[in-house]
Amino acid sequence: MTTKFTPDHEYIRVEGSTGTVGITPYAQEALGDIVFVELPEVGKVLKKGDEAAVVESVKAASEIYAPVAGTVTEVNQELSGNPGLINADPEAGGWIYKITIADAAEIETLLDSDAYAELTL
Amino acid sequence: MSMNNQGRPTGTGTSGFAATSGSALLPNEPLLFEIGDTEHSGVDLPDVTISGDRLRGFERKTPLDLAGLTEPEAMRHYVRLSRLNHSIDSGMYPLGSCTMKHNPRLNEKMARLPGFSDIHPLQPVSTVQGALELMNELSHWLMTLTNTAAVALTPKAGAHGELLGMMAIKAAQEAAGQSHRKIVLVPESAHGTNPATAAFLGYTVKPVPAREDGTVDVEAVKAALSPDVAAIMLTNPNTCGLFEPQVIEIAAAVHEAGAFFYCDGANFNAIMGVVRPGDLGIDAMHINLHKTFSTPHGGGGPGAGPVVLSEALAPFAPVPFVRKGEKSLELVEHAEAQALGRVTAFHGQMGMYVRALTYMLSHGGDGLAQAAEDAVLNANYIKARLSHVFSVPFPDYPTMHEALFDDSFLEGTGVTTLDFAKALIDEGFHPMTMYFPLVVHGAMLIEPTESESKQTLDRFCDVMEELAQDAKAGNRERFTAAPMKAPRRRLDETRAARQPVLKWERPEETLKAAE
Amino acid sequence: MRYLPHSPAERSEMLGVIGAADIDALFSAVPARALKSIDLRLPAHSPEFLVEAHMRALAAKNRSGADGPFFVGAGAYRHHVPATVDHLIQRSEWLTAYTPYQPEISQGTLQMLFEFQTQVAKLTGMDVANASLYDGSTGTAEAVLMARRITKRPKIVLSGGLHPHYRDVVKAYLKDDADLECLTASPEGQGDILDHIDEQTAAIVIQTPDFYGHLRNLRTAADAAHAKGALLIVVITEVVSLGLLEAPGALGADIVVAEGQSIGNALNFGGPYLGLLATRKEFIRQMPGRICGETVDAEGQRGFVLTLSTREQHIRREKATSNICTNSGLCALAFSIHMALLGEAGFTRLARLNHANACKLADALAAVPGVEVLNTTFFNEMTIRTSQPAAALIERLAMRGILGGVPVSRLEPDDPSVSNLIVLAATELTTDADIAALCAALAEELA
Chain G
1 MTTKFTPDHE
11 YIRVEGSTGT
21 VGITPYAQEA
31 LGDIVFVELP
41 EVGKVLKKGD
51 EAAVVESVKA
61 ASEIYAPVAG
71 TVTEVNQELS
81 GNPGLINADP
91 EAGGWIYKIT
101 IADAAEIETL
111 LDSDAYAELT
121 L
Chain F
122 MSMNNQGRPT
132 GTGTSGFAAT
142 SGSALLPNEP
152 LLFEIGDTEH
162 SGVDLPDVTI
172 SGDRLRGFER
182 KTPLDLAGLT
192 EPEAMRHYVR
202 LSRLNHSIDS
212 GMYPLGSCTM
222 KHNPRLNEKM
232 ARLPGFSDIH
242 PLQPVSTVQG
252 ALELMNELSH
262 WLMTLTNTAA
272 VALTPKAGAH
282 GELLGMMAIK
292 AAQEAAGQSH
302 RKIVLVPESA
312 HGTNPATAAF
322 LGYTVKPVPA
332 REDGTVDVEA
342 VKAALSPDVA
352 AIMLTNPNTC
362 GLFEPQVIEI
372 AAAVHEAGAF
382 FYCDGANFNA
392 IMGVVRPGDL
402 GIDAMHINLH
412 KTFSTPHGGG
422 GPGAGPVVLS
432 EALAPFAPVP
442 FVRKGEKSLE
452 LVEHAEAQAL
462 GRVTAFHGQM
472 GMYVRALTYM
482 LSHGGDGLAQ
492 AAEDAVLNAN
502 YIKARLSHVF
512 SVPFPDYPTM
522 HEALFDDSFL
532 EGTGVTTLDF
542 AKALIDEGFH
552 PMTMYFPLVV
562 HGAMLIEPTE
572 SESKQTLDRF
582 CDVMEELAQD
592 AKAGNRERFT
602 AAPMKAPRRR
612 LDETRAARQP
622 VLKWERPEET
632 LKAAE
Chain W
637 MRYLPHSPAE
647 RSEMLGVIGA
657 ADIDALFSAV
667 PARALKSIDL
677 RLPAHSPEFL
687 VEAHMRALAA
697 KNRSGADGPF
707 FVGAGAYRHH
717 VPATVDHLIQ
727 RSEWLTAYTP
737 YQPEISQGTL
747 QMLFEFQTQV
757 AKLTGMDVAN
767 ASLYDGSTGT
777 AEAVLMARRI
787 TKRPKIVLSG
797 GLHPHYRDVV
807 KAYLKDDADL
817 ECLTASPEGQ
827 GDILDHIDEQ
837 TAAIVIQTPD
847 FYGHLRNLRT
857 AADAAHAKGA
867 LLIVVITEVV
877 SLGLLEAPGA
887 LGADIVVAEG
897 QSIGNALNFG
907 GPYLGLLATR
917 KEFIRQMPGR
927 ICGETVDAEG
937 QRGFVLTLST
947 REQHIRREKA
957 TSNICTNSGL
967 CALAFSIHMA
977 LLGEAGFTRL
987 ARLNHANACK
997 LADALAAVPG
1007 VEVLNTTFFN
1017 EMTIRTSQPA
1027 AALIERLAMR
1037 GILGGVPVSR
1047 LEPDDPSVSN
1057 LIVLAATELT
1067 TDADIAALCA
1077 ALAEELA
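Top line first, the protein sequences correspond to chains G, F and W. Residue 21 in the working numbering sits at position 21 of the first sequence, with consecutive numbering throughout. Numbering-wise, the working numbering comes out as the position in the second sequence, counting from 1, plus 121. Numbering-wise, the working numbering comes out as the position in the third sequence, counting from 1, plus 636.
Since the hints were made in silico from the structure, they are not lab data. Just so you know, nobody snuck in bad clues.
DSS-like cross-link-like pairs, simulated, lysine-lysine; straight-line CA separation at most 30 Å: (1) W:Lys672 / F:Lys575; (2) G:Lys47 / F:Lys303; (3) F:Lys327 / G:Lys48.
Just so you know, these numbers come straight off a predicted model, no measurement behind them.
Please construct the entire structure, taking both the sequences and the accompanying hints into account.
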């Protein structure tokens, strides 16, 4: 199991051919209290960089892009009633959606945790 | 970002609410539904019996459940509520890009003449010749002040005018066989309505970067222009309060490339009677009658956003418009060949036309120019008085009618722009516009307008200086806890957005919903 | 100049502080050839009494509603507005406040909007309402766009009973859109919209009472729309009708748009008016315009804020639900005060009075030779067919001092089948004498 990052502050946790996508603790801190999450539809086919979801805070709305290409297999329904999970626990309970990874090679183009940490210094 | 999630339950519908705190002259006021009931009424009407009704089974079965108040109760409810508002009449309202100037009461009196207020938009045109004459006269003033060929009066607000102006541009491009032009250039500093409008009409928005000095570079525009560009949307004076020095060159380059120049006229107050936008090469510009021409903001509308059009766009104006007939004025209500049709029912915001024309006649051409100059003078005065304390992001040009500062003076104080602005409330001023334009970090945009006296400006500047010193001195609490003297402390916006409560419900309904 | 506080001496002093030689120095960024380039030849400033005289002269050239019998409706209605309403909305704190972006010092406006939203939700029988839109016509266009966002389907069908101006506004908003279907005018109240619903349909738009005054069957329409996964948008131009007619929300409406002018707002030659928009709870985030919500302040006291603003243009920019920036705040205030004064009891009596007068009008018109009343159902408005062309007839009535309604041809000039039709309304202000005068004049003209 590895976790990779995008420069747009999404993470993807890779388990076999499935990836779990969310936003980083840094991103949730910058956005402030999340009040709403627009989730993708299960079955939606995404290209790398496609808009997959939207998270809204009181003053901002941010698109969540697909870190890699794939098909959405599951979304975190908990977020509909409790969007604050992203603030409380962005990397576990606050995950946003799961995706089957179409091309494993794309994972390698993403940042590892050290490179991401450097980016957000 | 969270302000307070630990507040006690809201007390919606609890009878004890009216008894909670509030000072002598600012009592807490319960909701209408907590004081009224379905039996009380403040309007005397006979209870008629209807013989042979024509409702045929369409009668209401669901109870209305609308609370009513008698006249004295209603008077008190709305007077008490009104006291919880800041207003231009009670204090300075230096909101950048909003032009909160004095609203003359003559305007209100004129709008209420039955000859204007009690006429129907669809009564015979022969019976409303004075109304058409008024529309004609207002059009004359707007075209003269802007040096343009036509004006569409009907848009209901600035954003609506902007939509209409861009529709006219789209129609003109299509008529010229240029439907492939799918790009609209919008400078980064633009007001949010600009990209929203362009996107709404199916255009792709291409941002144009601003120069270091806060203005748009003609070379950057030229680089962005292509045979696919339909128009540029440019605010001038721009949202940083600066007049675009290369605006004529930008217009020429845009026209050269076969595109149109839409000018956002939100800041026309700085130049009315002094600079005619038509001389700068604009093709369309909306004018906010509720900003520049003093029609009241009314707590958020109604506005009015007439659009002036260049000769090239005039044939694409929407209906209705007034035309001189042989014997009388005519109202053209149906689209001719190229026009884009109708953007609102009836003839637009007549009530606002009356107020705006009254304002124009009161000022005259000389008074409007003087007002613009005073607005610019006031903004420069604030900038001059405060620039030793506050940082000016774009010092190269004199400002127009707004003074723009950034938040670098707050560095290391732990006070944000928002905190600073909220502290102004405790000093009796409405905060300035904050965090806009987006191109400036922690922006504070101050628009005093021509209505403020030197005395008021001095007091405002004194307070601003004192607050800045206090922030730097480390008195953080004064800012983070502000406002402390307003009818409410800071409100929990996170809670409002996470669990939206958008209407009052009876306590028992709320309980049921919670189960 | 009475509105400008500075004396010449103060101006000089201020220029001194700025360090500018003269006022033109502050306009140095303006290209020289564009600065005060020409004498505008506009009149000079003027004292109040002269401005007033000028405006009064213009107003005197118009015939106002109180000048004689008045039956003009068709989307704007002449009702009585209590004196209290106009007094209150002219209070400085209501009139000269801005949009309530600083909630701590705008609780008056915000609480009023929360009350307004509640009133609109109750009237329409819907879950939620917004803080108002420009007017009913633009509100209809916004509702259509909202239905497309919700269903992600393209097709919109407009009923033939929709106000022609509303139809034209929707057409302009959806320019060149092949997925917009406008059914032909239906002055007899014939309903054919149900056959046009398919799997691509986002919404059908039905007005009731419709433009010609007929009451439309919403329940059947809702069932037919929902069966195909489409939404029902209900448009109401006479909001007083809701005092007698069933709430659209109880009949299956998904979005309700109404023109709120009738309550609290004068005719004003067509504006400013007040758009009402209400919908189901699940569509809140697709709703255009401003919305006010309840919350608490830092001390736990109940308060109100504008909320869900991330849908709006100043944050979403090109991804906003709409480019709307203002609502119709002061008109919403007038509506809310008038509605509070009426209450359920008063509003119901008002609606009954309107309907009673309309019944009298219909009965009287039916007895005039050369006049045929087309409606079997109506609230306070109806359509008649006359034995002579309507436009000229209305002009002749006006010369007799009677504003006798709207010739349909004024709104539908390309449809010869409507040239003898007139739409007329009665309200609580219509008297028996007005009706008698109209019928007598019609009888003479049509004889």
